[in-house]
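Enquirer: Below, each chain spelled out in residue letters.
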Amino acid sequence: SQKIEQNSEALNIQEGKTATLTCNYTNYSPAYLQWYRQDPGRGPVFLLLIRENEKEKRKERLKVTFDTTLKQSLFHITASQPADSATYLCALVRSSASKIIFGSGTRLSIRP
Amino acid sequence: DAGITQSPRHKVTETGTPVTLRCHQTENHRYMYWYRQDPGHGLRLIHYSYGVKDTDKGEVSDGYSVSRSKTEDFLLTLESATSSQTSVYFCAISEDGLSGANVLTFGAGSRLTVL
Chain A
12 SQKIEQNSEA LNIQEGKTAT LTCNYTNYSP AYLQWYRQDP GRGPVFLLLI
62 RENEKEKRKE RLKVTFDTTL KQSLFHITAS QPADSATYLC ALVRSSASKI
112 IFGSGTRLSI RP
Chain B
104 DAGITQSPRH KVTETGTPVT LRCHQTENHR YMYWYRQDPG HGLRLIHYSY
154 GVKDTDKGEV SDGYSVSRSK TEDFLLTLES ATSSQTSVYF CAISEDGLSG
204 ANVLTFGAGS RLTVL
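Going down the list, the sequences are from chains A and B. Those letters in the first sequence? Residues 12 to 123, per the numbering used here, in order. Those letters in the second sequence? Residues 104 to 218, per the numbering used here, in order.
Since the hints were derived computationally from the structure, they do not count as laboratory data. As the structure is a prediction and not an experimental result, all values here were calculated from the model. Errors might be hidden in some of the hints.
[To be verified] Only pairs whose alpha carbons sit at most 30 Å apart, straight line, appear in this in silico DSSO-like list of lysine-lysine: (1) K156(B) x K110(A); (2) K82(A) x K14(A); (3) K82(A) x K70(A); (4) K173(B) x K156(B); (5) K160(B) x K14(A); (6) K14(A) x K173(B).
Given only the sequences and the hints, what does the whole structure look like? Please build it.
Expert: Structure (C-alpha cells):
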C-alpha cells in the first residue's frame, strides 16, 4: 500500500540554524510533491510545490529537494526563527489525479 | 481561511446520532475535499467532489457520506456517529484538481467529539 513517512514526529533546533525535514514515500509515483505549514488550531497552508523533473525549488528562506530515485523530499528552512515553529506536512500528487495524500507531519520547534 | 468556511467549528454529540458538517466556499472552485486529522495519522482523505453531484471516495470513507448540490457547498454526513469518528475535520478546495499542482486551500477545521 502507499505510504508516506516524515522522518520524525518532532524536531527541536536552535534559532539561526537550518532545519531539515524529510519526507519518504513508497509504492507511489508522484508527479508533484507539496509542503504545507500548519499552526495549532488552524488548517494547513500551502508553502511550496516541486515537480518530479525538478531537483530543487527555493522560496525566500525555504528550499525543497525532490529525489525520485530515493523516493525522498527534503525541506529546509535556513536562518530559522521562533516564528517558523509549526507542524510541516508533505503531500504527494499524481499527475491527472484529484487525490492528494499527506504525511503525518513533523512538529518543528525553534528555540531562541 | 478567506473564501472557505466550515460549520459548526465545534460539536459534541452522542454515539448513534447523525451529524452533518458543512463546508461553504466563495471561490467558485470545482474541487472540494473532506479530510480528517488524528494524532499519528496526519490528514486522511474521506471524500472529495469534482463537481456538482460528482463525488468519489477517499482512503477512509466508511461511515461517511457526502453531498454537493451546489458548487459552493459540500456536506459531510455521519449517519450514526461512533467514538472512532471523534476527530478534527478539514474541508479544502482546489481550483484545478486535474493539474498536478492541485494546491489546496483549507478551512479552519471542525472539531467533533462523539461521546
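Enquirer: Compare the structure with each hint and give your call.
Expert: Status of each hint after checking the structure:
Annotation: proposed proximity of K156(B) to K110(A) holds, straight-line Cα distance about 17 Å (limit 30 Å). With a C-alpha separation of about 11 Å, the suggested pairing of K82(A) with K14(A) holds against the 30 Å cut-off. For the hint pairing K82(A) with K70(A), the CA-to-CA distance comes to about 22 Å; that is within 30 Å, so the pair holds. Between K173(B) and K156(B) the alpha-carbon distance is near 8 Å, which keeps this suggested pair within the 30 Å criterion.
As the CA atoms of K160(B) and K14(A) are separated by approximately 18 Å, the hinted pair is consistent with the 30 Å bound. Taking the CA atoms of K14(A) and K173(B), the gap is about 34 Å. The hint is violated against a cut of 30 Å.
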